[in-house]
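Assemble the complex: chain F is given as a structure, and chain R with the ligands must be docked to it using the hints.
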Amino acid sequence: MIRNYIKIAFRNILRKKVFSLINIIGLAVGMAACFLIFLYVKFELSYDSFHTKAPHIYRLVTDVKTPSETIHAGITAWPFAPNIKDDFPEVEFFTRVQQTSMLITKDDKKFQEDRVLWADSSFFKMFDFRLIKGDPDKVLKDLFTVVLSKTAAKKYFGDADPMGQSISLYDYYPAAITGVMEDIPENSQIKADIIVSMSSLTQTIIPGLDEQWSNFDAVSYLQLKPGVDPRALERKFPAFLERRNGKEMEKSQMFFTLYLEPLKFVYLFSKRESNIEKGNITNVYIFSVIAAFILLIAYINFINLTTARSVERAKEVGIRKVVGAEKNQLVKQFIGESLMLSLFAFVLALILTALLLPLFNQLAGKTISTGIFDNYNYLLLLFTLAIGAGLMAGIYPALVLSSFKPITVLKGRFATSSKGIVLRKGLVITQFAISIALIIGTIVVYKQMTFMRSHDLGFAKDQMLVLDTQGDAAKDALTQEISKLPGIKGTTLSSSVPGGSHSTAYSEIENSNGDLQVANLDLFFVDFDYIPQYQIQLVAGRPFSREFGMDTTEAMVINEAAVKYFGYPSAHKAIGKKFKQWGREGKIIGVVKDFHFKSLQEQIEPLSMRIEPSRSYLISVQVAAGNLPASIAAIESKWKTLISNRPFSYYFLNEFFDRQYRSEERFGKLFLNFAILAILISCLGLLGLASYSTIQRTKEIGIRKVMGASINNIIGLLSKDFLLLILIAFFIAAPLAWYFMNQWLQDFAYRINIAWWVFVVAGLLALLTALITISFQAIKAALMNPVKSLRTE
Amino acid sequence: MIELQHISKWYNVGGKPVFILKDINLKVKEGEFISIMGPSGSGKSTLLNIVGMLDMPNEGAYHFFGESVYNLKDKHRNELYKKNIGFIFQAYHLIDELTVYENIETPLLYQNVKSSERKAIVADMLDKFNIVGKKDLFPSQLSGGQQQLVGIVRALIAKPKLLLADEPTGNLNTAQGEEIMQLFQQLNQEEGVTIIQVTHSEKNASYGNRIINLLDGRVEPSLQNASH
Ligand SMILES: Nc1ncnc2c1ncn2[C@@H]1O[C@H](COP(=O)(O)OP(=O)(O)OP(=O)(O)O)[C@@H](O)[C@H]1O
Ligand SMILES: [Mg+2]
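Here the protein sequences come in this chain order: F and R.
Residue numbering for the first sequence follows our numbering, starting at 55 and increasing by one per position.
Residue numbering for the second sequence follows our numbering, starting at 225 and increasing by one per position.
To be clear, the hints were calculated from the coordinates, so they are not data collected in a lab.
Among the hints, a few may not be true.
[Unchecked claim] Covered stretches of chain R, going by a simulated chain F footprint (3 or more residues, C-beta under 8 Å): (1) 313-321; (2) 332-341; (3) 385-392.
[As the list claims (entries may be wrong)] In silico lysine to aspartate or glutamate, EDC-like type, Cα no more than 20 Å apart, as pairs: (4) Lys465(F) x Glu326(R); (5) Lys383(R) x Glu380(F); (6) Lys385(R) x Glu283(R); (7) Lys301(F) x Glu315(F); (8) Lys369(F) x Glu321(R); (9) Lys369(F) x Asp279(R); (10) Lys631(F) x Glu656(F); (11) Lys61(F) x Glu366(F); (12) Lys61(F) x Asp279(R); (13) Lys299(R) x Glu608(F); (14) Lys538(F) x Glu608(F); (15) Lys192(F) x Asp215(F); (16) Lys369(F) x Glu391(R); (17) Lys61(F) x Glu326(R); (18) Lys543(F) x Asp583(F); (19) Lys386(F) x Asp298(R).
We put the beta carbon where it would ideally sit given N, CA and C, even for glycine.
Okay, chain F solo, but in the shape it has when bound (with noise of 0.2 Å):
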């Protein structure tokens, strides 16, 4: 029996070429569609998963609350996780790390690098990074003990055993390797090359980290024991630290609050800042549907192609009954049939996926998986999806043939029954108005993301080259050299540069009530020329200036955000006003127009710039047009006579900026690649359709062209009905299109609005390629021969 199930649904697949077709890759397509989503799903799921005991790691955070206002911090302040593992038996392990860029060297190799990290002894006890060489309860005890991955260890030392030599640290300090480990995998939301002992940071680099209390920037994780609940121990943490800090929190007016977060939470759904890489659930979450409906549209083909098919199939149906054929016999014939080009689908996709993976491992920006083969358990599971789904594609058809009523087929007296048609209509409804709101959805994000790019962010950034000295000694000779070369218009030194990291300083602002209000203002250090070369507006009071010889210490400059936030009505009532920041005190000599200091995401929030030559890192080149390579090569050997120990290395400052955007220009890549899809598969299946009821209409074409319809007229007679659908599908798609890209835009403090046009251009995308599509087939049974038409009848 199953073989002439078997033998019959071989024959029907081959003997229909292009229905099958069609039914094949438009059902392999959406599949290796939902595949390739499927394993970015699990890979974003699966971060920090494979630390065995993730169950009981968690992150260690801080709530701090000014007078202001309450930041939620995902750092700690260094003394935090070492004083509660002290005081609390319930924690087994700490471990504090921080991600850093230093420069390393080793004889002649020199790397400035920025995969290093800071951890304590515990790192290699509480997560599962594997040593292939160096005992996890060693490696990281000592001062300047170093664990160097595999890839770092064989970039410093070659095939050579790296155990027991050493590196040197800052080009200064000598550490020793104790330690190899397997490459940190790419679902680690912690990633390092290079692992320095923190010892070497809190007791020798900088000496006293261990006590500063309001200092953050240790992100910190807690093993606690097994049967520890966590939320009682946070409970117990108020305690703690007023027990520990308690009168400098009420001197600094500085209140913090502590909380765990689990180790498999932190990536994906914490909302805390922390500066190691970060996932955003809503992207896995927007994937997940798109995959559904892309297998949605996929199977939707199925179901329409084989139920229009019926109209074949309904001879052998009645037969089949005739000669003794029960009605669950023929579904399980039916759905026989859809498992098989299920099966024949999931091959080709899997064959599609194993093809497209390493470019959408390239879109997505990481490598989610190296191949569909790795894992035999997703292959099982996505077997199981795609032979469920097809068994779910498969029951509609088949009821619908098994139930005809041999008598009347065999007649012939057969028309499709209404509901079907209606059905039809309905499921080719949906999947246009899938694919109009993923094409109105990616216009949108489009359109978002040359707003982004476009939009004036108040400050130059074109032309300007930044190059990071790393505190080098000869950074304000170097800036002096390079400002003297041909081609450059201008050279400042700053701590910060738009769109990359600044400080946040605890500070006390004069307010409009005169009062010293606390807050945590964001804060640039600069030099005098920073403000005119990076063309700030300046809206009260004056720029630093080189003729104020106190500028350098007890001047300050904000931004018109700061002007607002301390309650002045105007910019000019501001100035002169009273600060206090980081041990210095003084008055605001100015206010600059607000600029985007941070990315278009993002408010501008309040700024401070102060002088401080000794922070200022990083040199600003603003380089004339032209020639701009010589320009380079000019700064590059300037560079390497004056800091020879340092690799040479700049970016430009508007990339540097738009990086910000790269995981929306990825994401929007993503829907765009995705949206095609989900149009190309519609199409396809409207394809089978339209030329199935052609066919179905054959006599009806060939009767109305003897009756003098032209080639115009069976067009439109044959597309109308399928425009209309798609007309239809364009007013469910656009107003659910509309609310949940406003609901994506909200992620954006600076957002275009959704222009009605949007709506057009995407609705007359579709309404085009549907009519494209039709058009083949109308065509064809335009010119057809009526005479022979009729005559096949």
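Just chain R with the ligands now, with coordinates in the frame of chain F:
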């Protein structure tokens, strides 16, 4: 074997019932060879389909080997049907996607006959009807008469007690029709298969031992009696 009592069938056309069969009473004994005749549209096919359990009347009772057909569950009725009834059509109605062999084999599949047994039965029948050479051809590769022969073999493959044929020779030429009729007669006489056929041809009808004349959904009484 068959007993129809007060069988009526009607369609509602414009709110009014239009009778296709009206109060049909019919008894068929095992081993009979009956021909149903009547003008076009008189309800012959409808009656045959009702006897063949492919259609249901609006009224009346039907006993098949003493079992009340309309009181049986679907499953039982299907069982009864596929064990006992073979159907032959004017338009042959073979499955285009299957070869001659597979078409013939299909009824056995639905009766869950074992594969080895199936092979033997089909081979036997192919042999008996002289179509071994055609077994791997598809219906489209056969002539009308050959197709009808395959249709008959398929109807007989499960050794039905009742063979129903709706104008089996309608699409065939006289010689082909003759052959089929002789085959029917042979089946009826030598193997005791009960046959009910619908036909327009007096000559074909004469192969049977009873003729039922339908007119406007009623059995013509005189002729029914006359055949007795
Ligand atoms: N669905 C229906 N609705 C209304 N009338 C119907 C329907 N199906 C069949 N009929 C009518 O039932 C009558 C009997 O049909 P049937 O097929 O039994 O006739 P027949 O005697 O076999 O005719 P022929 O010799 O042409 O095959 C016909 O008049 C037909 O019009
Ligand atoms: Mg008839």
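Starting from Lys192(F), check that the Cα of Asp215(F) is at most 20 Å away, please. Judged against 20 Å, a Cα distance of about 18 Å means the pair holds.
Keeping to a limit of 20 Å between CA atoms, is the pair of Lys538(F) and Glu608(F) held or broken? violated (29 Å)
Examine the segment 385-392 of chain R: at least three residues should have C-beta closer than 8 Å to a C-beta of chain F. Violated - the segment 385-392 of chain R has 0 residues with a Cβ nearer than 8 Å to chain F, which falls short of three.
For the pair we were handed, Lys61(F) and Glu326(R), check the Cα-Cα distance against 20 Å. Holds, because 10 Å separates the two Cα atoms, which is no more than 20 Å.
For the segment 332-341 of chain R, count the residues whose Cβ lies under 8 Å from any Cβ of chain F; is that count three or more? Satisfied; 4 residues make the cut.
Is Lys369(F) close enough to Glu391(R), meaning Cα to Cα at most 20 Å? Roughly 18 Å between the alpha carbons, so the hint for Lys369(F) and Glu391(R) holds.
So if I understand the rule, the pair passes when the alpha-carbon distance is 20 Å or less; does Lys631(F) with Glu656(F) pass? The hint is violated at about 27 Å.
Restraint check for Lys369(F) with Glu321(R), where alpha carbons must lie at most 20 Å apart: holds (11 Å)
Has the given pair, Lys369(F) with Asp279(R), been kept, meaning a C-alpha gap of at most 20 Å? Measuring from Cα to Cα gives roughly 17 Å; hence the hint holds.
For the pair supplied as a hint, Lys299(R) and Glu608(F), confirm whether the alpha-carbon distance does not exceed 20 Å. With Cα atoms ~98 Å apart, Lys299(R) and Glu608(F) exceed 20 Å; violated.
Next pair to validate is Lys383(R) with Glu380(F); report whether the Cα-Cα distance is within 20 Å. Roughly 19 Å separates the two Cα atoms, so the pair holds.
Compare the distance between the alpha carbons of Lys61(F) and Asp279(R) with 20 Å, and conclude whether the hinted pair is satisfied. Violated, at about 30 Å.
Hint compliance for this structure: hints 3, 4, 6, 7, 10, 12, 13, 14 are not met, and every other hint is.
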